[in-house]
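There are 2 protein chains.
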Amino acid sequence: MGYDLWYWSGIPGRGEFVRLALEAAGIPYREKTGRGDGDAALVKDLAKSRPDPPFAPPYLVVEEGLVISQTANILLYLGEKHPRIAPRELAGRHWVHQLQLTLMDWVAESHDVHHPVGMDLYYEDQKPEACRRAEGFRSKRLPKFLGYFERVLAQRGDWLAGGKRWSYVDLSLFHVVEGLRFAFPRRMAILAPDFRRVLALHDSVQALPELQDYLASERRLAFSDGLFRHYPELDGED
Amino acid sequence: MGYDLWYWSGIPGRGEFVRLALEAAGIPYREKTGRGDGDAALVKDLAKSRPDPPFAPPYLVVEEGLVISQTANILLYLGEKHPRIAPRELAGRHWVHQLQLTLMDWVAESHDVHHPVGMDLYYEDQKPEACRRAEGFRSKRLPKFLGYFERVLAQRGDWLAGGKRWSYVDLSLFHVVEGLRFAFPRRMAILAPDFRRVLALHDSVQALPELQDYLASERRLAFSDGLFRHYPELDGED
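Residue numbers (this note's numbering), protein chains in the order written: chain L, 768 to 1005; chain A, 768 to 1005.
Please note: incorrect hints may appear among the correct ones.
Identical copies look the same in the list; a pair holds intra-copy or inter-copy alike.
Straight line, CA to CA, 16 Å or less: simulated EDC-like cross-link-like pairs of lysine to aspartate or glutamate [as the list claims (entries may be wrong)]: (1) 799 x 945; (2) 811 x 925; (3) 907 x 1004; (4) 799 x 1002; (5) 848 x 892; (6) 848 x 925; (7) 799 x 891; (8) 911 x 887; (9) 848 x 917; (10) 907 x 887; (11) 931 x 891; (12) 811 x 1002; (13) 911 x 806; (14) 815 x 847; (15) 815 x 1000.
Derived from the structure by calculation, the hints contain no laboratory data.
From a predicted model like this one, the values you see are computed outputs, not experimental measurements.
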């Protein structure tokens, strides 16, 4: 067995949240999108007639007739099937899922900073709008989201679900911090002293023995022009 | 027993997706936000110290120590507890959940049409940007999302999960169509002939006997300046 994971090639994107969970838990999977040969196979697979078509990647083909899509839904599914990566009881499952959904909202907002007018347009064609949007994102939204996760950790301890062990949502928060540091290095450095618990969680995930192989491998893609992008004019100290 | 539902007063917003499911299934709940007396109680409750704080409304207080937040997560929870409103088996549960998450993405995009630069700013302060964003939303995103749900219904039949009975995601799609017709009446009228299955589902939900009381009641709030807003300059035939 083993899952087939479909995602756009060349960027970590939303696929990375799924990859981190699969890799950290040692769950076998096949990356179905070729690296370097474009996304033709993905586009073809997306158009395939099936009873459960995904709207967009990432999606996980579990077996013929069982396709799970939407990032947070994939992680929810994996958490049910592989209980080491998520709480087992009902309250805990819905708790980490709601945190994951909140992370996905944060990620979508981070993306829209560089594409406020339209995802089909080039960044260069919406640069003034992006600069305006980035101001509010840096000054209000970043502290709001960081503050929320800081507050949760103050209640729960080292990991977002509580307890002694990571769950998939900790891996996702690690990746969001990585992405935001890539995209907004100046702002994130200024904010760091106020969000020590979030950054400590980031460092704990980065040091997990079960992630070392993956993080050092070529499978871990670098940020470039995907969800998280670094445009110096969108960053700033306040 | 009975759930406590917290949401901003005065607008249907994201709370409406939860309300429709509770009302159609006849599940008892208390609306915790006063109508007309502002949102002070909600703001206070949001700030309360608890092990599972919500990031934002809507949220459902099931009991002390069990708070479910994020709209799609609330519906997932309700579907597990009240199996008449969602498929019971694993594949079906994840299927309607992914559709609900796709609807929530669509709703977020619909909102950002009138607030492309910042949700803290007035519409009047981002009107030119909104007009630019609305073009792509009307010409590309609306047909893409409508086309996706049309394709699903072509595969599954009258309801999004298949089968002979509605699930919560059908109620949500009904409400999204209502909201889009309110916000973009000219564009939705032009698109109508291409998306007959989606519109037939809308009409079927609107005619459900179990929703008639609610839809005719004062509990069903009118659209105004919430998620879906009607600004004539953002609408158009193409």
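Between copies, within a copy, both or neither: which fits residue 799 and residue 891 at Cα up to 16 Å?
-> Neither way: residue 799 and residue 891 sit 32 Å apart in one copy and 46 Å across, limit 16 Å.
Within a copy, between copies, both or neither: where do residue 907 and residue 887 come within 16 Å Cα-Cα?
-> Only across copies: residue 907 and residue 887 sit 9 Å apart there, 26 Å inside one copy, limit 16 Å.
Homomeric proximity label, residue 815 with residue 847: Cα distance no greater than 16 Å = Neither: 27 Å inside a chain and 30 Å across chains, both beyond 16 Å.
Up to 16 Å between alpha-carbons, please classify residue 848 paired with residue 925: within, between, both or neither.
-> Intra 24 Å, inter 31 Å, cutoff 16 Å: neither.
Could you place residue 815 and residue 1000 in one of the four classes (within, between, both, neither) given a Cα distance threshold of 16 Å?
-> Answer is neither: 41 Å inside a copy and 38 Å across each miss the 16 Å cutoff.
Under a CA distance limit of 16 Å, which applies to residue 911 and residue 806: within one copy, between copies, both, or neither?
-> Close neither inside one copy (36 Å) nor across copies (19 Å); limit 16 Å.
From the Cα coordinates, with 16 Å as the cut-off, is the pair residue 848 and residue 917 best called within, between, both, or neither?
-> neither (29 Å within a copy, 31 Å between copies)
16 Å Cα threshold - placement of residue 1002 relative to residue 799 | Neither, since 35 Å and 40 Å both go past 16 Å.
How would you classify residue 811 and residue 925 at a CA-CA limit of 16 Å: within, between, both, or neither?
-> neither (43 Å within a copy, 27 Å between copies)
Given identical chains, is residue 799 near residue 945, meaning Cα to Cα at most 16 Å, within a copy, between copies, both, or neither?
-> The answer is neither: 25 Å in one copy and 38 Å across copies each exceed 16 Å.
Homo-oligomer pair classification [residue 1002, residue 811; C-alpha up to 16 Å] | neither (37 Å within a copy, 33 Å between copies)
How would you classify residue 907 and residue 1004 at a CA-CA limit of 16 Å: within, between, both, or neither?
-> within (13 Å within a copy, 36 Å between copies)
Hint violations for this structure: numbers 1, 2, 4, 5, 6, 7, 9, 11, 12, 13, 14, 15, all remaining hints satisfied.
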